[in-house]
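Student: If you want the building blocks of each chain, they are given just below.
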Amino acid sequence: MLTPEENELLTRTGPGTPMGELFRRFWQPVALAEEVAAPDQPPKRMKLMGEDLLLFRQSDGRVGLVEPRCAHRGADLYFGRNEECGLRCVYHGWKFDADGRCVDVPNMQPGRARDNIMKTARIRSYPVREWGGQIWAWFGPEGMEPELPMVEWALVPPENRYISKKLQECNWAQSLEGAIDTAHFSYVHRVLSEEGTGKPVYLDKRQQWIHEDGAPTFEVIGHDGGLVMGGARRADPGELYWRISQYLVPNHSLAPGTFPGEPYAAQSWMPVDDENCWIFTVTWCPDRPISDEELERYDSGRSVHAMVDENYVPHRNRANEYMLDRELQRTRLFMGITGLSEQDAAIQDSQGRIADRARETLTPSDAGIVQFRKLVLGLARDLQQGIEPPQAQRPEVYACHSGGAVEPEDVSFGEVLERRFGHPTAHATDLLPGRQAAE
Amino acid sequence: MLTPEENELLTRTGPGTPMGELFRRFWQPVALAEEVAAPDQPPKRMKLMGEDLLLFRQSDGRVGLVEPRCAHRGADLYFGRNEECGLRCVYHGWKFDADGRCVDVPNMQPGRARDNIMKTARIRSYPVREWGGQIWAWFGPEGMEPELPMVEWALVPPENRYISKKLQECNWAQSLEGAIDTAHFSYVHRVLSEEGTGKPVYLDKRQQWIHEDGAPTFEVIGHDGGLVMGGARRADPGELYWRISQYLVPNHSLAPGTFPGEPYAAQSWMPVDDENCWIFTVTWCPDRPISDEELERYDSGRSVHAMVDENYVPHRNRANEYMLDRELQRTRLFMGITGLSEQDAAIQDSQGRIADRARETLTPSDAGIVQFRKLVLGLARDLQQGIEPPQAQRPEVYACHSGGAVEPEDVSFGEVLERRFGHPTAHATDLLPGRQAAE
Amino acid sequence: MLTPEENELLTRTGPGTPMGELFRRFWQPVALAEEVAAPDQPPKRMKLMGEDLLLFRQSDGRVGLVEPRCAHRGADLYFGRNEECGLRCVYHGWKFDADGRCVDVPNMQPGRARDNIMKTARIRSYPVREWGGQIWAWFGPEGMEPELPMVEWALVPPENRYISKKLQECNWAQSLEGAIDTAHFSYVHRVLSEEGTGKPVYLDKRQQWIHEDGAPTFEVIGHDGGLVMGGARRADPGELYWRISQYLVPNHSLAPGTFPGEPYAAQSWMPVDDENCWIFTVTWCPDRPISDEELERYDSGRSVHAMVDENYVPHRNRANEYMLDRELQRTRLFMGITGLSEQDAAIQDSQGRIADRARETLTPSDAGIVQFRKLVLGLARDLQQGIEPPQAQRPEVYACHSGGAVEPEDVSFGEVLERRFGHPTAHATDLLPGRQAAE
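Chains as they are written, first to last, in full-length UniProt numbering: chain P, 1 to 439; chain U, 1 to 439; chain V, 1 to 439.
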């Protein structure tokens, strides 16, 4: 439960908000690399943390993320021409490069006056980098950019990963909370039965354990990059099935399902505004390409990767009630909505555009959510006091893993982490040649 | 004419508003019985007096009207499962019954903590009853429920009545004002001529009298349940045609057209919010079933019963300007809009979402409207002072009639009421076996 | 650059705003004459400077512009009947004429009470005149109407002019600024090349000069009716190509393109509200009918006259991004949008619904814009102090011309005006028989 003030603090990320400032102390994923594939293509409209922006790749390959407003008389550079290393306004021909510098003012005659204008007439721009199949941007104070976070998917060859993007029609925080709450798997994603049989059918034992134990015990350990969380369910007699996820400050999580040999999965939340966000979903294998079978499944949009249109809007969305099928709900799927990603989207959106956290009744399995809020609110408040978030300057703390494990009942969570990941908080020390691993 | 403050007082019925509190002292019709026909069907979204709610019939046949928000983390119970005597949230499986009690918390392990949560985690719910083909709800203080109002249509066999529901896209009060203003019949519902003839054609003498005398004299008598109103028009020489309607506190009216042997008609207004309302329209015969011919007419949607879609939205509505046909208006129908109900809807909506009553010029035939405002504003103000509305606890005052009569010019309104209804305010004492009739 | 306060002052024209009051001191063009062609046709909804109104022609040919609200109970007179010299409300038959006087109250019996109501129950109405193919209205203080402005297109025979109307989806002021900024022609309207050739193709030398010199020098001279502005570009060696436009207080401009023998062009901006405006565009010849060829071009909608639908909404508009064609933009049209009018609309709308003038970097070629703001803001402020705008009472100052000229480099702007128009500020003294020409 949060007070209304805390809820505001948690959910608002526009310019000047405390949480917005915290977000702006970290490199942020803003687009898929495919969105600015070729130079000199039309600029692409973006809205990120409440700011309207244009994304474009200029002739020399550099990517720009700039405000869409010409410095002359405020015409929209979206209508502009991306040509010869800059974006040219079509009202009077002014031109700006990826750094926001004014590089041409053709409606003035050459001379000192024009030179002065070209020196001072800038448009707002944000540094960007390509990293792991994504475009990352720095919205923070100039010159304070840290190195990019050492997320594993950025370290593997492109063929080892699969990235997608989708619109989520609610605030970033409640969607992230859905991801670090592993208890919901027993309900939101429950398969009731195969058609006609009336009996539950499980793809594998894991699915059975998840569905048969709807009240997992939950443990949370803080670390340098965020939180590692374990939800334990009864498995075969004498054993527990652990699902271990990560929350990485401020807006990333690693998913709990991976068994050794299977692809890892991560999600990042980029607020469009306070009532919508982009979710970037990555699945990757450290040591092999994504298989054809996996690729086919991801492309089909029924996994963590959603089925989306050309604007990355899911086919099943708020407007069509996620194509909720009451007959399906009665007979086959607990939720009546097809698709793992779509089920998550529906239930998270259903909490409202911005979930009201003042009227909650939390349970032990909400422990991860409680710790997440405490951590990120603390960092935002610290920053208001001038204390920078330590994670921002330590890219190596983002090198960590998540996944599932089956262990005897008497093995502690800490020991499970050591056995499964070789590290007490599942940090991937082997990913970091020449670096000091997180502790 | 009302001051802006009085207009606010009259029109706002959200939680906590004075008029909203008055409404909540009476059983309110909220849905047709057909809307929750079978148990264990999906819950139905409702918005009533500004509150979002779910309506459902649970396994044992009981109907619930509850807030749609799970007490755990606020997920929308609309996506939930109506099963085994309760509505189950699909996020983590919490379950609530028709009384709003929490009856299952499966994401917690059994024990005292879970017991405590199940005891305290309630969702808001409102008692409901089925009565006269409708679902009625009690939004008032717990335990203060009176008996249901003795409206005649609830006392007759189902085959003797016909009920419909339609959306009206304006505030409840101005629509009700349209119903108790019988002068508008001479204009809004006027038929100009049959096609081609250029001469007015009347179905019967009543229609002719209505159209030929557009300035009826108007009389209003207060009674225990509200107001009885008579509009008198010139009929055959030496006679008056009386159209007598009822206003029943706070949001019902009985229509003035009924001649002996014809069906009665009533309307109730249930605010969706302050800019929309549901109108429930009932036509019934005390002593015989609705005839096939009447049924056909009602089904066809050109009477007081509108033609609506599956969501009870009229085919002719604000968005399509009620299919106003200017050629029809020029030649055949004064208003150019087809359908009695549709004509009323159009002209009432046209006053604005919430009519501004500060710029009116009222006439003698608006006497019923003036008295209605005075009565209902007085009751709302009294309630603010702690004085309960007396009608609420006297269900028998709702047993009354309305209709038309033709009488010699020198017969007073009081005498007309006695002759036509056998009672000075048209109360139906015979409907109330073993009860004290209203006085 | 304007302060936010100045920008508000410039852009808001609703009732009671300073700029709105200034507008209301001038006859304003509100509709094409064709919009109220025949008597007794249905009233037409208008929104003008934030006010909802109805426009209709009554039986005797007079045109009324009245508020749409019946004085009785506020029903919408749009649903009313335009018959027998007045607009009749269909709720209770009240009737109002073009002067807003109540001429019938049929729901009351004859007598003093009804007489009193008919005397006092007025609806707001505005005097209108037909002038130059347009309906003009007077929104100012009763009795202060000046004579109509002596715009030339109103003085020529109907066959000598072509008038159109179109919706512009932004504030009036920035659209007018687009018209008096002749520098934008070199960019917004630039043709890159004919298909396939890769080389620019010019229709005539003027187009070539415009495109080859994107930094015209700009001169502005104030006069009794507003401003005359000249933009000079390099033409053939030793010559300048002058494009001379007019700004006429408070919301008209005359276009700079006309060479002798060609039609003149003017535009007037009528705010719908602060975020939309109507543009009336007139092209006319003083001494000959519009030719068939010109007519065909105007009808085709690729000139200053836009292609619009039956509600005067351009086919290419904000919602469809003006059918921006990126391939066209890459190869043939600098802006990628077809149509002179459509190019202007797109770039002006792109500045926002209301352009923010606090973040501008103005250049010498924006001199006309700077003077326009200064002049019109000064008049609005003066009026707040009780000083009436002098132009309002001098209709003859609106008789002036605009157009292009080619002159040797050493001829001053004043001399160019004398040579081209025979008057130092291009006033058309010959248009004013018996009048004192403007000085």
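Derived from the structure by calculation, the hints contain no laboratory data. Watch out, some of these pointers could steer you wrong.
Copies of one chain are not kept apart here, so a pair can be met inside one copy or by any two copies together.
[As the list claims (entries may be wrong)] Keeping only pairs whose Cα atoms sit at most 20 Å apart, straight-line, the calculated EDC-like set for lysine to aspartate or glutamate is:
hint: 1; residue 1: K199; residue 2: E83
hint: 2; residue 1: K47; residue 2: E67
hint: 3; residue 1: K199; residue 2: E84
hint: 4; residue 1: K47; residue 2: E321
hint: 5; residue 1: K44; residue 2: E34
hint: 6; residue 1: K44; residue 2: E212
hint: 7; residue 1: K205; residue 2: E35
hint: 8; residue 1: K44; residue 2: E321
hint: 9; residue 1: K47; residue 2: E169
hint: 10; residue 1: K374; residue 2: E360
hint: 11; residue 1: K374; residue 2: E5
hint: 12; residue 1: K374; residue 2: E294
hint: 13; residue 1: K47; residue 2: D60
hint: 14; residue 1: K205; residue 2: E84
These numbers come from a predicted model, not from an experiment.
Student: So which of the earlier hints does this model not fit?
Tutor: Structure breaks hints 6, 7, 12, 13, 14.
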